[in-house]
Each structure stands twice: as structure tokens, then as C-alpha cells.
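Student: Sequence:
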Amino acid sequence: MVLSGDQASAQPAPGIMQDGDAEIVLNDSVPREARGVEVKQNLGDSVSKDLALVDSDGQSVTLGDYLDGERPLILTLNYSNCPMLCNIQLNQLAQSLEKGGLKIGKDFRCISISIDPTETDERLIETKARYVEQLPSHPQAETGWAFCRTTQKVIDQLATEVGFSYNYNEATKEYAHPAFLAFLTPDGVITRYSLGVAFPPDQMELALVEAGQGKIGSFIDQFVLLCYSYDPDANSYVPQAWKIMRLGGAATLLLLMLALVPYWLGRKGNAAARQQPAAGHTPAADGTTPLKPTQWFGG
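Residues 2 to 300 in the numbering used here are what the sequence shown spells out, letter by letter.
Since the hints were made in silico from the structure, they are not lab data.
Ideal Cβ placement from N, Cα and C applies to all residues, glycine included.
Please note that a few of the clues may not be correct.
Below, simulated SDA-like cross-link-like pairs (lysine to any residue); rule was C-alpha separation at most 25 Å, straight line [as the list claims (entries may be wrong)]:
| hint | residue 1 | residue 2 |
| --- | --- | --- |
| 1 | K104 | Q135 |
| 2 | K154 | K104 |
| 3 | K107 | E127 |
| 4 | K174 | E39 |
Derived Cβ-Cβ restraints for the label pairs, each shown as a range [unchecked claim]:
| hint | residue 1 | residue 2 | range |
| --- | --- | --- | --- |
| 5 | P202 | M85 | 31 to 37 Å |
| 6 | G37 | G106 | 23 to 29 Å |
| 7 | P201 | D122 | 29 to 35 Å |
| 8 | L196 | P263 | 52 to 58 Å |
| 9 | N43 | P263 | 50 to 56 Å |
| 10 | T63 | N92 | 27 to 33 Å |
| 11 | L86 | S138 | 24 to 30 Å |
| 12 | Q42 | T144 | 26 to 32 Å |
| 13 | M85 | D46 | 38 to 44 Å |
| 14 | A199 | D51 | 31 to 37 Å |
| 15 | N168 | A199 | 31 to 37 Å |
| 16 | G106 | T63 | 14 to 20 Å |
Construct all of the structure, not just a fragment, from the sequences and the given hints.
Tutor: Now the structure itself:
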């Protein structure tokens, strides 16, 4: 069909088809299976500890078994047959943990739960071995990083609790899902998310120290966290000027007080010396000190 100039100028914008009075909007940029794939950050919410899981050894466990009240927990949602994103994310996670100072099993624990209800124990064992072997400096990585499977019902409940949305593509037998990592307190409260595939070791450590609620990390880690706050827009910890200024003011006041201590002690000592009579001078009843014989005549 050949359109005149007027007819061509009246065409709808790309992505919009008109049928009589009806208008159909086409989304050409986002695949249908990827629509609605997102993470709602439910910060401050708690996960259910009674969620039934099966670990890579085939043992029945619950999510609460990994929340011991002492160590924070890193939670990831993945699946073994993921063709790309899960591999990239977990590789980056392992590399970041290997470079960090905190140790799996000692300072924190990690659990990766499959969103595929057909996951087998054999695949879990293979997947776990692939990433644990990347952590040679973590002697407790084998027991500290769990890989689990579960039922669709439990997957749906956990995904809702942590704000994780995903879709299954029947044609490709694959899941469309976001990169997702959540930090939980030792009691299962969500304190922080990481929604990228890169995990800078310093950011990872700050998130773990925060989730640990003062129970893990060195004094320096705790001190640094006082100066930093999490920026959800930047998805990272950033220095806060007002916190740094407040700490700087407190440090200045403390140093000033320490510098004045010798002066205060010196003044106190001089005052005590002035109140004591000289040697050989016995105060009279009225508090005055009599003169020595040699002083009677100005001697």
C-alpha cells in the first residue's frame, strides 16, 4: 500500500497499533517472560525460620537451622541449570569472599536456595563443589556455605518474604530472574540487599558487619561503619559527611581533655603544697605559724 504524505504523517508512533477506536500498545523492548522480574527491598522484615529445605547431602533441614543467633547469613536465590546469570553472580560472590577478611563458617554463613523445584541432590553437589573450591582461604567453606532445594510452595513463600520476583519460560525451560543477594541478621531480619553481579570486598564486609549487629568484625570495621551509610540508589555504602564531622568533633574534644589532664594535676599539686606549712613550723591554735627565734630580729 502506498500512502500519501498526509496519510504517512498520521501514522501512529512505533510500538502502537490502531484498530478502529481501540489502541494496542506493544512493548518491543522487554521480553514477555522478563516483565515483572524485580526485587522489592523488604528491609527490616524477617524470613520464616520453619521453611522446609533439603541440603546437598539429602538431609531435611529448615532455614532456621542456618540462623544460629550468632552469625549473619548471606542468602542467594539461584538454580543450577541457569545458563548465565547465576554462574556470573556466584563466581563474583566467591571471588569477593576470597578477597575479604571475614571467613565463612567462622564469622558468617551463606545459603544458596534453588528456585527450581526439580533440582536434584546430584546437581546441588556439583554446584556447591564448583564454588567452594574457589575459597581456599576459607577452611570452613564446605560446612559454612549450604546449597539447598525445596518445593514450589516454599520457593513462592520465601520469594514473597524477600521481595524476589521471577518468571518461568515453558519454551526454553529457563527462569527469568534478577541478580539477588540478601544479608540477614543472626535472627533472620533482612538488613541489606545487593542487586548486582559485582560485589566489592569492602562493601561485602561492611554489609556483613552491619548484619552481624556488632557480633563480628574488628574494631576498625565497626568504626568505619560509623562513618558510612547505605545508599539504595547507588547500591553501596557511601561516606556521610555529618557522621565524619561528628566523630571528628568527639575526637578533638577527647584529645583536648587528655592534653589538659597534666595541667589539672599540676595545679592540684601546687595548691596542696601551698596549704602545707614549711618544715619546723608548727601552726598555732589560731592557725598562724609562729616565727623562728632567728626571725625575731630579722635574722
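Student: For every hint, state whether the structure bears it out.
Tutor: Evaluation of the provided hints:
Restraint check for K104 and Q135: the C-alpha separation of about 13 Å stays at or below 25 Å, so the hint holds. Distance check on the hinted pair: K154 and K104 sit about 33 Å apart at the alpha-carbon level, beyond 25 Å; violated. Annotation: proposed proximity of K107 to E127 holds, straight-line Cα distance about 24 Å (limit 25 Å). Annotation: proposed proximity of K174 to E39 holds, straight-line Cα distance about 20 Å (limit 25 Å).
Roughly 23 Å separates the CB atoms of P202 and M85, a value that falls outside the hinted 31 to 37 Å. Range check, G37 to G106: about 36 Å between beta-carbon atoms, so the 23 to 29 Å window is missed. With their beta carbons about 34 Å apart, P201 and D122 fall inside the hinted range of 29 to 35 Å. Checking the proposed 52 to 58 Å range against L196 and P263 shows it holds: the Cβ atoms sit about 54 Å from each other.
Checked against the hint of 50 to 56 Å, the C-beta distance between N43 and P263 comes to roughly 55 Å, which is consistent with it. Distance hint for T63 and N92: a CB-CB separation of about 28 Å, consistent with the stated range 27 to 33 Å. At about 26 Å, the CB distance of L86 to S138 agrees with the hint of 24 to 30 Å. With their beta carbons about 30 Å apart, Q42 and T144 fall inside the hinted range of 26 to 32 Å.
The hinted window of 38 to 44 Å between M85 and D46 is violated, with their beta carbons roughly 29 Å apart. Between A199 and D51 the Cβ separation comes to about 34 Å, which falls inside the hinted range of 31 to 37 Å. For N168 and A199, the hinted distance range of 31 to 37 Å is not satisfied, since their beta carbons lie about 24 Å from each other. Restraint check, G106 to T63: a C-beta distance of roughly 19 Å satisfies the suggested window 14 to 20 Å.
The earlier numbered hints that this structure contradicts are 2, 5, 6, 13 and 15.
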